[in-house]
Amino acid sequence: DVKVTQSSRYLVKRTGEKVFLECVQDMDHENMFWYRQDPGLGLRLIYFSYDVKMKEKGDIPEGYSVSREKKERFSLILESASTNQTSMYLCASSLETGNQPQHFGDGTRLSIL
Amino acid sequence: GQNIDQPTEMTATEGAIVQINCTYQTSGFNGLFWYQQHAGEAPTFLSYNVLDGLEEKGRFSSFLSRSKGYSYLLLKELQMKDSASYLCAVRDRVNQGGKLIFGQGTELSVKP
Numbered sequence: 010d011v012k013v014t015q016s017s018r019y020l021v022k023r024t025g026e027k028v029f030l031e032c033v034q035d036m037d038h039e040n041m042f043w044y045r046q047d048p049g050l051g052l053r054l055i056y057f058s059y060d061v062k063m064k065e066k067g068d069i070p071e072g073y074s075v076s077r078e079k080k081e082r083f084s085l086i087l088e089s090a091s092t093n094q095t096s097m098y099l100c101a102s103s104l105e106t107g108n109q110p111q112h113f114g115d116g117t118r119l120s121i122l
Numbered sequence: 124g125q126n127i128d129q130p131t132e133m134t135a136t137e138g139a140i141v142q143i144n145c146t147y148q149t150s151g152f153n154g155l156f157w158y159q160q161h162a163g164e165a166p167t168f169l170s171y172n173v174l175d176g177l178e179e180k181g182r183f184s185s186f187l188s189r190s191k192g193y194s195y196l197l198l199k200e201l202q203m204k205d206s207a208s209y210l211c212a213v214r215d216r217v218n219q220g221g222k223l224i225f226g227q228g229t230e231l232s233v234k235p
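As given, the protein sequences belong to chains Y and E, one line each in that order. Each residue of the first sequence is one higher than the one before, starting from 10 at the first, in the numbering used here. Each residue of the second sequence is one higher than the one before, starting from 124 at the first, in the numbering used here.
There could be a bad hint or two in this list.
[To be verified] Label pairs and their calculated CB-CB ranges:
1) Gly-72/Y with Lys-180/E: 37 to 43 Å
2) Gly-138/E with Phe-29/Y: 44 to 50 Å
3) Asp-37/Y with Gly-181/E: 24 to 30 Å
4) Glu-65/Y with Gly-138/E: 41 to 47 Å
5) Met-36/Y with Gln-202/E: 27 to 33 Å
6) Ser-120/Y with Lys-204/E: 28 to 34 Å
7) Pro-48/Y with Gly-151/E: 36 to 42 Å
8) Gly-138/E with Lys-66/Y: 29 to 35 Å
9) Asn-144/E with Ile-69/Y: 22 to 28 Å
10) Asp-35/Y with Thr-136/E: 26 to 32 Å
Hint data in this document are derived by calculation from the structure and do not stem from the laboratory. The C-beta atom is built at its ideal place from N, Cα and C for all residues, glycine as well.
Isolated chain Y (complex conformation) (with noise of 0.2 Å):
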């Protein structure tokens, strides 16, 4: 069975601090994502990544970096937490081809206080 792992249910931190919100899957699949998810704003792409050491800026990158360094393993970055980076993080991974879908992990609740 598809499996998303993400580090953390729910993180608290303070602002400015540097916050890795880190996601790995088992499935072997070349993409991985990291989303944002707000009320009344729906799922926002950040980042993606198709292959390792390989990212692309999705729709809302500005405050955020990625890593990947291994297929498995996708990292957000924050480079100095803001209390608008408050949201729910959604992890997802998919294969290649065309009809595959996004498989997402449970998300990490993140709070900026």
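Guided by the hints, dock chain E onto chain Y, whose structure is given.
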């Protein structure tokens, strides 16, 4: 620009049929996905359409018209557990990455 529209909310009665519409305007098209998301949980995949027509999967069906930029998700024999948000998403390109563009979701409430 890229745009996907869905109704924000819908209400239906247990045992009834409900149709959730989705219209899209995207720079490319390589398939349309429907996801279900219960409150506090991750989205789960429901259906995929890339060719025009109806795809049926149990109580759920999804329809696509590429010329109209239109899709709908049809839920039959509604159950209380179908109360959830339903997300329409378009894959906008064929090549690397295959990112999805999501609509804001339709919150469906099923009443007894």
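Which hints, by number, does the structure contradict? 7, 8, 10
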